[in-house]
Amino acid sequence: MTESSPTTRTATEWKLPPIPKVGVLCLIAMESSLFVIFVVAYLYYIGKSLNGPLPRDVLTAPILASICLLSSSGTIVLAEHAFKANEMGRFRFFWGITWLLGAVFLVLTGVEWKHLIDEGLLISTNLFGSTYYPLVGLHASHVVVGLFLLGAVFLFSATRRLDKRHLMSVEVISWYWHFVDAVWVVVFTTVYILGVY
Amino acid sequence: MPEKPSIELPAPTYWPMVVALGLTLLLAGLITHWLISLAGLLLGIRGGVGWFHDVFPHARHETVPVEVDEAAERPVHTGRKVTHLSQGVGGHRVRYPEQVHPISSGIRGGLLGGVLMAVMAVAYGWIVMGSPWWPVNLLAAIALPSLQTADPETLMQFSSLGLLLAILIHLFTSCFVGTLLAAALPMFPRFAFIWAGLLSPVIWSALFYATVTFINPAMDKYVSWPWFVVCQLGYALVAGYYIKTSQRIETLQTYPIARRAGLEAMRSRKEESDD
Amino acid sequence: MSLVRAVRLKTARLLLAGIFLILASVSLGAEDRIHKVQNVFDPHSTPAHGILGIAWIVLAICALIFVVVGSLLVYAIWRFREKRGDQGTEPPQVYGSNQIEMAWTVIPLLIVLVLILVTARTTIEIDEPAFPADALQIQVVGHQWWWEVVYPEQGFITANEIHIPVSSEDDPRPAIIQLASADVAHSFWVPQLGGKRDLLPNHPNRMWIEPEQTGVYWGNCAEFCGTQHANMLIRVVVDTPEEFEAWVLNQQRPPREDPAVAGGRHIFETMTCINCHAVGEKGAQNGFGPDLTHLMTRGTIGAGVGETSRDDLYQWLKDPDSMKPGCYMPDMKLSERQLNKLTDYLTTLK
Amino acid sequence: MSTSDSNASQGSIQSTEALQAEAASRSRILEWIMTVDHKRLGIMYILAGLVFFVVAGIMAALIRIQLAVPHNHFLGPEVFNRMFTMHGTSMVFLFGMPTIAGLANYLIPLMVGTRDMAFPRLNAFGFWIFLFGGCLLFYSYLGAPGIYGSGSAPDVGWFAYAPLTSKVFSRGHTVDYWALSILLTGIGSLATAVNIIATVFCLRCKGMTLFRLPLFVWMVLVTAFLMVLALPPLSAAQIMLLLDRFLGAGFFDTQTGGSAVIWQHFFWIFGHPEVYILILPGFAVVSEIIPVFSRKPIFGYPVMVAASIMITFISLGVWAHHMFTIGMTSVGNVFFATSTLLIAIPTGIKIFNWLGTMWGGSLRFEPPMLFCMGFLFQFLAAGLTGVMLAIVPFDWQLSDSYFVVAHFHYVLVGGLLFTVFAAVYYWYPKVTGRMLGGRIGKWHFWLLVVGFNLTFGVQHFLGLLGMPRRIYTYEAGRGWELWNMISTIGVVFQAAAILLFVYNLVHSWYRGKQAGPDPWDAWTLEWATSSPPPSYNFRQLPEVGSRRPLWDLKHPDDPDWYHEE
Ligand code: HEA
Ligand code: HEA
Ligand code: CUA
Ligand SMILES: [Cu+2]
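Sequence order for the protein chains is H, Z, C and D.
Number 28 in my numbering belongs to position 28 of the first sequence; there are no gaps in the numbering.
Number 231 in my numbering belongs to position 231 of the second sequence; there are no gaps in the numbering.
Number 240 in my numbering belongs to position 240 of the third sequence; there are no gaps in the numbering.
Number 416 in my numbering belongs to position 416 of the fourth sequence; there are no gaps in the numbering.
These are computed hints drawn from the structure, not numbers from a lab.
Computed from a predicted structure; not experimentally measured.
Just so you know, not all the hints are guaranteed correct.
A short, non-exhaustive set of chain D residues, derived as facing chain C with CB atoms under 10 Å [as the list claims (entries may be wrong)]:
hint: 1; residue: T254
hint: 2; residue: S330
hint: 3; residue: W480
hint: 4; residue: A496
Glycine included, every Cβ here is placed at the ideal spot set by N, Cα and C.
Only chain H is shown next, with the shape it has when bound in the complex (with noise of 0.2 Å):
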């Protein structure tokens, strides 16, 4: 809104950092928080389950869905690349590549808990599944919040509605799948490595 003022066109710059991009490193600090304490609460119940089944028992580590995931983060910057470059056939390509890698890290998620609850975990059953749905879950749930974002520009571009003005909003969704994949390592860590030996 600064631009509207018609005085302030003088010799020195006067730059300040862009809306979006603060208002994304908040959510991202906000959100780093909230996971910091999910991710405490499985750490300090790690082991004290009163009965099974326990992490060893019924976990695996998913790889598959580790490498989907990451590897998005990949995609997504070869097509913020693509957009800057102006070259909306190749961004669309790479943003729908990273689409689908996040759909099939969810997709593998889905499957790793109806394997869960086949065992016979559930959240209620003892504190390993009282810590581990919920921290899963909230991680997935970021996934699919980032899904929707990512498929709405999809669309956007796809029917021609997305064009260089729009750089901002790309860069920022692109920032939080970022920090999507980032918490996915931490999460991967806490559970599969830390809870299980």
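Chain H is fixed; fit chains Z, C and D with the ligands onto it per the hints.
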């Protein structure tokens, strides 16, 4: 420059409110009835869509006409005079104090006072208690557990470690307190060194008195408090007087930072705004 | 075992303590052995003394700071108030002072350092003491809203009133209290004997007291634990060693079986009472309700809401809610005859 | 939504006439409901906050009546327990937080010289969700059986310690009301915090460098950072609690091996920063008012900023001082005592800098300044009792006693409430164009000072005499009667003061003296526009060259900027 007749502001909208209501109902439904949750969900979705349309593809604006009465906006020009401080070059604005005592004077003053204090304490030990090592060992007991629990006999014996520690502790505190005095002196009113010389030992002694049980039980048991305070007073008065007589130095604060750093080439704001 | 000696700010201390004693004793009454007024400044046990010692230090330091800073404020407000001639002018515009600001950073820092050292020392002294191996062991289990008290070595259980022998220089008898909770968080606090310590489920705790004067000391549950948190009082009875031995011997005895009240006992054992309460070997050992084996050796019922008098017991059995609204002992809807018999029976449980 | 709001500046070429016609057809009420104007939202925040304050204050009065005499039968235990829970919860979350948000909303865009907050729609959302959350909390009172048996008001204390909150010990929905409504208001506060940060970073007017921000803005900015970091832990803990209660998870369920202590950690990781969230804006207000009424710039601006930042950092690491009695290790106890005591240093710096500001000044004792003076003494006392609480062994005696109640009312009432009143007296002319009555203001001040110190001063003694908090009744003869009676009498004075204040607000709205743009001869940008400011705040966005742009304006011969570097 052309004055715009109107200004654009974000357009009013109730969608955020609808989303908030929806979210509230969604949660309230958990404790009342699922139908309320459902209503909340629907409201929330509708609100979200509405909100989205408010900002996409571009944020909706409302154009507000600018009022004409410019006088109502202008703050009063008070025309008050500002009292000038007499010292310094820059007039009425300063950071206190304008002149300071050099740190070195604090250290030297502290050492001087420290010597006096040591002499007084040892004299007391020699004359009253019958051993010059008495105060030395008491002081060293802060750091030497063996002395903390020692009986008076032992405390009167010479102990080389005790002497060493006592000297170190005494040197350090003397210089430290001296530096503090030097920093604080310019802030006291007239007869600064007397104020500082009387006030600071009293505060210090009180603090020490209150905590010595924990820090140094031996001292607590045997020290003579009146004499302790007298020694402190001696120290602070001498150190304060010495510092007071030292040459003060200007803080140069009325000059802009660039000048103070000796960078004449850099221009101050004032000059900048002149062109 | 004199762990921490109070600092000797004698005058100030006597003065303040005196004020508090006077204020507190307004309603103290004749029974000076009963310490109903839980004055923190009137400790009767080693850890409480230690705490008071450090309390005096902080109080003195804080009082000093308050007086100094407060006077400076008053002075500034008075001295620099707007005066008649000031209207047309602004005072000199002073921005700050590195020296002064340094001074008022360093001086508090020093004070804070002293406080930290003192705190560390006292905390460790009180919290990690060395005890003789034969120190008295007591377990206290918090319930909504009463205290279960177990003497594991002596092998009996009682409630709400804790007996311990008095300690003296030549016969030190610290009591170690293990704290646990059967339901929610509670906190054990008898101010004149020591600081408080929480009773938490799944989180065993420990504290100790070493009283130096006989008497009955009042305390409270200090952590909000539900409806009747207010009526969860503690009484610590400090006996002479002989009294204590006698008391223990009596507690260890099986319940009295007075034939005169067999009817009452029968009602007790056939009504649901026995589901929640125990009398000797008989009855619930689940600790849902207080152990009643030697009920009449206690002074109170319901953690302080009534006395072990016939009237109060009667009223309690008739309608516990009327004495302690919301408590977990149900109204058994007993007839007057049953009530009388039961009360008669209970009053024999000495 | 964070992305899209920003497009505000990109301008759309919509038909202006159509929009104006639409605007004209809106009724006054709809205008307020639909508003995204930071000033209107600010006003609504503050008004809602004051309403909740009066409601929670009346509850406090009822609490005090119950405790005035031993064995009182005025309120039963259940009612009493609900009363203090709702009093504490609503004072903190429905009075403190929104009032602060309101002040920040109203003032920050004006002070940094811009037209609105960075995310105006998010701002409106934040307000409404706070309001609805608050209503949900109070709805619990209506629902004794409630529709569909929806429970009653929460009765577990404002920090809702586990496991009292678990399904076994709290049947019905009382705890759910607490968790859900505070979760909602938390979202609102987060929205405000993000908005504040983005506004301060991205919308400052030309020349308003970070080191020229008014101290008010600095401290509120720091508060916003604290909110961003400290509120999510509470939300997380509340989500876990709800999972426990609705889905049978076991986070805080001690019967399935869960921990009673971890809730305390989570709550206070939020809870302690929260108390600084509540007081830093108070500091912010004081830092604006004292200079203006002393006619001097703030003493040691950079140090004030540094101290605020230090407080923020340290206050994130002191939470377990609320838990000295849970039986931590000595290392833990000493660590948290240390960090807690360290906070005294930056806080002390602030007190001294305000003192330094007054020193050598020319003090005018208008109501805003009076309230700041009251604040200074009372906060000093409160901080020192805080120091006593931080001494672990002493806290073993004082914790959960009326000494703690006294401590935190000295900070929250003697600190926060007083600064809120100072702020209202100071900025009311800006908001309404009329002055608040000064005579009544002085009465208000003195009645409140007397009443407040009567009520809470004696509670220190109660704590030292062993009175635990949160008890609904007590037996005679324990040495508490006199003090409780005095404490209750104090409330009469306080209530009278608050009534005068409400009267003053309403009366001055119609009858107050015209204020003009700059009634206090102040120095920050909000006084450089009309009172009340137009919806666009400034005809032209200002440009500043120093921390006191209006000083420069008023003393063109002798501007500030030359000296500030
Ligand atoms: C606005 C709110 C606010 C503020 C600012 C503070 C500030 C402080 N608080 Fe307080 N506190 C609360 C609100 C607040 N508190 C609340 C609500 C509770 C209870 C919650 C509940 O249980 O319901 C509580 C409880 C509480 C406890 C837990 C008590 C218990 O339950 O056992 C402790 C313990 O350490 C504590 C300490 C402190 C300290 C050390 C400060 C310090 O920040 C104070 C610093 C200020 C000064 C020290 C004065 C000025 C300094 C000087 C003049 C310099 C010189 C001073 C020295 C060198 C010491 N507070
Ligand atoms: C900002 C926070 C804040 C504020 C301002 C207050 C203000 C007051 N508080 Fe409270 N208080 C808390 C925060 C606050 N409190 C918290 C967090 C707790 C802990 C809760 C817990 O334990 O869980 C607590 C607990 C608490 C207790 C302890 C309860 C207990 O442990 O059992 C008491 C008891 O005296 C008390 C009293 C008061 C009083 C008398 C006021 C007074 O200052 C109030 C003055 C206001 C009024 C008296 C209202 C005036 C208005 C009118 C008279 C009517 C006007 C009418 C119209 C205009 C229509 N409060
Ligand atoms: Cu048990 Cu409170
Ligand atoms: Cu705290």
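Checked hints:
no.: 1; hint: T254; verdict: holds, 4 Å
no.: 2; hint: S330; verdict: holds, 5 Å
no.: 3; hint: W480; verdict: holds, 9 Å
no.: 4; hint: A496; verdict: violated, 25 Å
Going down the numbered hints, you'll see the structure goes against just number 4.
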